[in-house]
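J.: Place chain C with the ligand on chain Z using the hints.
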Amino acid sequence: MEETNQNSQTFLDFNSDILKPNNENDLQEIIKYCYKKDLPIEIVGAGTKNQIGKKLQCAKILDMSNISGILEYKPEELYITVKAGTPVKTVQDELKKNNQYLAFEPINFSELFKTDSNEGTIGGTLSCNFSGSRRFKVGSARDHILGFKGYNGKGEKIKSGGTVVKNVTGYDLSKLVTGSFGTLLVLSEITLKVLPLQTDTKTIIVSGLALEHSLGIMVSAIASSNDPSGVVFYPANFRNNFVFNDLTHPGSITAIRVEGTKTSTEQRINNLIEDLSLIDKNITVLDSIQSEIFWEDTRNLKVFSKNQKNILRAVIPASETINLISRLKTFHPTYFIDWGGSLVWLELDYLSNQKIDQIRKRVLDIGGYLTVIKSPENLKSSSEIFTIDPIKFRISQGLKKSFDPKRIFNPGKMYTGI
Amino acid sequence: MTTLKMPKVDRKILKDKDQIVKDIYSFTNRKNVLFEREELKPYETDGLTAYKQTPMLVVLPETTQEVSKILSYCNRRKIKVVPRGAGTGLAGSALPLADCILLGLGKFNKILEKDYENRCVVAQPGVTNLAITHAVQDKGFYYAPDPSSQIACSIGGNVAENSGGVHSLKYGTTTNNILGIEIVLMDGTITRVGGKVFDSPGYDLLGLITGSEGLLCVITEVTVKILKKPGTVKAILLGFPTIEDGGNCVTKIISEGIIPSGMEMMDKVLLEATNNFSKAGYPLDAEGMLIVELDGTKSEVNELINKVAEIAKQNKCSSVKISKSDEERLKFWSGRKAAFPACGEMAPDYYCVDGTIPRGKLAKVLKEIRELSKKYKLPVANAFHAGDGNLHPIIMFDANDKKSLEKTEKFGADILKLCVKFGGVLSGEHGIGVEKRELMCEMFNNNDIQQQISIKNSLDPSSLLNPGKVYPILRKCAEEGRLHIHGRDKSKFSDIPRF
Ligand SMILES: Cc1cc2nc3c(=O)[nH]c(=O)nc-3n(C[C@H](O)[C@H](O)[C@H](O)COP(=O)(O)OP(=O)(O)OC[C@H]3O[C@@H](n4cnc5c(N)ncnc54)[C@H](O)[C@@H]3O)c2cc1C
Numbered sequence: 000m001e002e003t004n005q006n007s008q009t010f011l012d013f014n015s016d017i018l019k020p021n022n023e024n025d026l027q028e029i030i031k032y033c034y035k036k037d038l039p040i041e042i043v044g045a046g047t048k049n050q051i052g053k054k055l056q057c058a059k060i061l062d063m064s065n066i067s068g069i070l071e072y073k074p075e076e077l078y079i080t081v082k083a084g085t086p087v088k089t090v091q092d093e094l095k096k097n098n099q100y101l102a103f104e105p106i107n108f109s110e111l112f113k114t115d116s117n118e119g120t121i122g123g124t125l126s127c128n129f130s131g132s133r134r135f136k137v138g139s140a141r142d143h144i145l146g147f148k149g150y151n152g153k154g155e156k157i158k159s160g161g162t163v164v165k166n167v168t169g170y171d172l173s174k175l176v177t178g179s180f181g182t183l184l185v186l187s188e189i190t191l192k193v194l195p196l197q198t199d200t201k202t203i204i205v206s207g208l209a210l211e212h213s214l215g216i217m218v219s220a221i222a223s224s225n226d227p228s229g230v231v232f233y234p235a236n237f238r239n240n241f242v243f244n245d246l247t248h249p250g251s252i253t254a255i256r257v258e259g260t261k262t263s264t265e266q267r268i269n270n271l272i273e274d275l276s277l278i279d280k281n282i283t284v285l286d287s288i289q290s291e292i293f294w295e296d297t298r299n300l301k302v303f304s305k306n307q308k309n310i311l312r313a314v315i316p317a318s319e320t321i322n323l324i325s326r327l328k329t330f331h332p333t334y335f336i337d338w339g340g341s342l343v344w345l346e347l348d349y350l351s352n353q354k355i356d357q358i359r360k361r362v363l364d365i366g367g368y369l370t371v372i373k374s375p376e377n378l379k380s381s382s383e384i385f386t387i388d389p390i391k392f393r394i395s396q397g398l399k400k401s402f403d404p405k406r407i408f409n410p411g412k413m414y415t416g417i
Numbered sequence: 000m001t002t003l004k005m006p007k008v009d010r011k012i013l014k015d016k017d018q019i020v021k022d023i024y025s026f027t028n029r030k031n032v033l034f035e036r037e038e039l040k041p042y043e044t045d046g047l048t049a050y051k052q053t054p055m056l057v058v059l060p061e062t063t064q065e066v067s068k069i070l071s072y073c074n075r076r077k078i079k080v081v082p083r084g085a086g087t088g089l090a091g092s093a094l095p096l097a098d099c100i101l102l103g104l105g106k107f108n109k110i111l112e113k114d115y116e117n118r119c120v121v122a123q124p125g126v127t128n129l130a131i132t133h134a135v136q137d138k139g140f141y142y143a144p145d146p147s148s149q150i151a152c153s154i155g156g157n158v159a160e161n162s163g164g165v166h167s168l169k170y171g172t173t174t175n176n177i178l179g180i181e182i183v184l185m186d187g188t189i190t191r192v193g194g195k196v197f198d199s200p201g202y203d204l205l206g207l208i209t210g211s212e213g214l215l216c217v218i219t220e221v222t223v224k225i226l227k228k229p230g231t232v233k234a235i236l237l238g239f240p241t242i243e244d245g246g247n248c249v250t251k252i253i254s255e256g257i258i259p260s261g262m263e264m265m266d267k268v269l270l271e272a273t274n275n276f277s278k279a280g281y282p283l284d285a286e287g288m289l290i291v292e293l294d295g296t297k298s299e300v301n302e303l304i305n306k307v308a309e310i311a312k313q314n315k316c317s318s319v320k321i322s323k324s325d326e327e328r329l330k331f332w333s334g335r336k337a338a339f340p341a342c343g344e345m346a347p348d349y350y351c352v353d354g355t356i357p358r359g360k361l362a363k364v365l366k367e368i369r370e371l372s373k374k375y376k377l378p379v380a381n382a383f384h385a386g387d388g389n390l391h392p393i394i395m396f397d398a399n400d401k402k403s404l405e406k407t408e409k410f411g412a413d414i415l416k417l418c419v420k421f422g423g424v425l426s427g428e429h430g431i432g433v434e435k436r437e438l439m440c441e442m443f444n445n446n447d448i449q450q451q452i453s454i455k456n457s458l459d460p461s462s463l464l465n466p467g468k469v470y471p472i473l474r475k476c477a478e479e480g481r482l483h484i485h486g487r488d489k490s491k492f493s494d495i496p497r498f
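Taken in order, these protein sequences are the chains called Z and C.
Its first residue numbered 0, the first sequence is counted upward by one per residue in numbering that gives the first Met the number 0.
Its first residue numbered 0, the second sequence is counted upward by one per residue in numbering that gives the first Met the number 0.
For reference, chain Z alone in the conformation it holds in the complex (with noise of 0.2 Å):
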């Protein structure tokens, strides 16, 4: 009983191999017994995303699912304040009722993965930084948030930022813990910017094209004062067993997405057409319901669902994008392209270390890197999951160890040793 809080509500059975707390008091107390006792620590939300990344071998699950609830919503000031395991679904239908929404469009991996379909918590979310189809307009997970509180690896409550977006007040700790996958801190509050859901939306499906005239006509479209916020390719394989909404016309996909007030979208929809040469294409023009449902499958996976194959994730410079495919055919992979080139999603049959180092080499050489998103259960100790080199390792150990000196947060989640 001594490592119990007095003041906590809940008796906390430190034994248990899960930890849950049901307050941040509870979380405090949990950290400050794992640090006393060098108990690694594996720290879950709604375990969504959690087999992304390498095998962790941890005595304790500190599961933050009970520490939930929005703490302070000002539509009128675009922020959100929420406690660190509250689900993102809720975030989205509180901020729905005011017409606003997270611009980074989480992503709900649950048909990869095969888990409860949600996109999980929002620490969760930030921890992993992964964003949809509008990361090269509103920028990813990491540009939302504003402010967190949260314990490092000692039980120490610290916190960076505020509710505001000017702010040059100390280093951004916000960002350095977005993507950082539960290696540093643990969050407990979360300020995150939402902004005005646009009014409409309209996307134009051209059918037919090659892939280097599609990358051709991806990367003038962004290149325009078109303004769009999302463009994506689908080669022709696709067609055979995945429908795109009520799509007729054959063969591979371009979707350029645009939002904005319905004058705007029709305006820049037909500014789209006449710029890119599109009349003559086999071109479909989605409305704003069409649409939601065909940027939910890509920012979702969706194509990837059926076969339960490795995904990898190749983040590249968008000039390169042909090169890396062609130079990745010898592996044959399937493959859709998102971020209007700089994203490339890959689905492999089979796998190895081996072939890991290779396809992340062929990635550095054009100055992308590569996250292994999912793969077989006997690789994930023995990978590397994550991109780094011997430079930024140094610098990633001193960083950890200035958080979580005893390394007790996801040890190993990242890289081995960190």
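One or more hints might be untrue.
What the hints assert, rightly or not - To be clear about the criterion: a stretch of chain Z counts as covered by chain C if any three or more of its residues have a C-beta under 8 Å from a C-beta of chain C, and this derived list gives those stretches:
#	segment
1	25 to 37
2	52 to 61
3	157 to 165
4	171 to 178
5	199 to 209
6	218 to 229
7	356 to 365
What the hints contain is simulated information worked out from the structure, not anything from laboratory work.
Ideal placement from N, C-alpha and C gives every residue a C-beta, glycine not left out.
T.: Coordinates of chain C with the ligand only, in the frame set by chain Z:
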């Protein structure tokens, strides 16, 4: 100026100056090493001219390799280094130390690559902010963050301060607009963070370094995102009988789901000052004025600007003027952009405060600032990036009058404390530097600050890179005891609680 505590001067280093100069000669061209009094003079202050300190030496390296050699040498010899871009910073972040090498990045002044396919520009850190836009504007592109100092400030300085501008509301600040950097750590290690891709893998070092005020590394190359110029840009001038009405209008515009590219407010004092100065045609009967700028496609801009006018009318605006041409739009901005020189006409000196508040608190905060102005008997003009809550009160004073200067500092500190009290922060875009470092305790507690300091320690264990900036040094625990403050001299903001 009121005395400012800085890290203890290392006399041994000063004594070794001649030898240090000789050593540095082996790393860079002799002409890049300045040590004569008159050569050092231009570097003794940055944009916060109230503080002056001559550095021991100024070194102006020309390559990343040279930077690496110099830093590695300084790390071994325990010599402090202060990086400097164009020296326009307003928080004293580039203020030299008496025993430091001031590392000027001015010779890193080339644009290395314009890559339209990946929509980015690779530039050396000494290139000015505006030069980047100039380099790509013939192809219709621009670099979005536009600090008022953009003609002079360097892109490296922008990264170090996470600078913003009037268009940050829609396009974000520096941190949202850069893709990669090349850096040199204090031990001389050279590495690249990010590149021409989004979201570099691993920890977001780019996010950590942006806004770190030269404390973590020296930036030797920057890759910035460029955007296509919007098809149509229009601005609307709105006069209001009270600041409250103007503030309500701002809130309403945002609540209606409109995110203008810029939304600036000026109070009556500034309206009069700038209008006299630049004849911008501002409504002089108004107590407050808004400039709202919208960009996008023609139809969208027209639709939204009319909507803004409509919202303004519902919020009691007293005058509405929509720009009919680009010239007229630029004329609207001319007054706002002349805010500093216009205040310069009204008093011998001015002091620009920078803090952020939740935008809904504008009227309340301005009211309190007016009361403080009466209390300190110092006039203040208010410019405000209303869209994102970034406040810039400009206090007018006379630096020759020591009392007036002290009062100004106190007034500024009180305004910043107000910002924090109303849920805002100490700096929106100018950084903390030496100016606000003791105020950090208003926002952060010991744990918060120790966490930040231990990050600094992990990259610069001897605390040699730009020490004495950002973190309060009057606290015993600061910099983990490495800075030795002697005596308990009267400090700046001495009434602020410490811990
Ligand atoms: C009239 C005027 C108007 C201004 N308007 C704005 C505005 O609208 N918005 C805004 O955000 N700011 C504004 N500023 C402030 C200032 O221009 C910015 O902070 C700018 O980014 C500083 O750039 P600099 O090159 O002058 O940097 P400096 O002042 O030389 O240095 C600033 C900081 O950056 C560090 N640093 C500089 N270069 C490097 C490098 N290569 N590597 C590592 N560290 C480095 C320095 O050590 C220092 O800590 C204004 C200033 C003036 C004088």
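J.: Does each hint hold? Answer for all of them.
T.: Now for the hints, and whether the structure bears them out:
1. 25 to 37: Not satisfied, violated; 0 residues make the cut.
2. 52 to 61: violated (count 0)
3. 157 to 165: With 8 residues close enough to chain C, the hint holds.
4. 171 to 178: holds (count 7)
5. 199 to 209: Result for this restraint: violated, n = 0.
6. 218 to 229: holds (count 7)
7. 356 to 365: violated (count 0)
Comparing the model with each numbered hint stated earlier shows that hints 1, 2, 5 and 7 do not hold.
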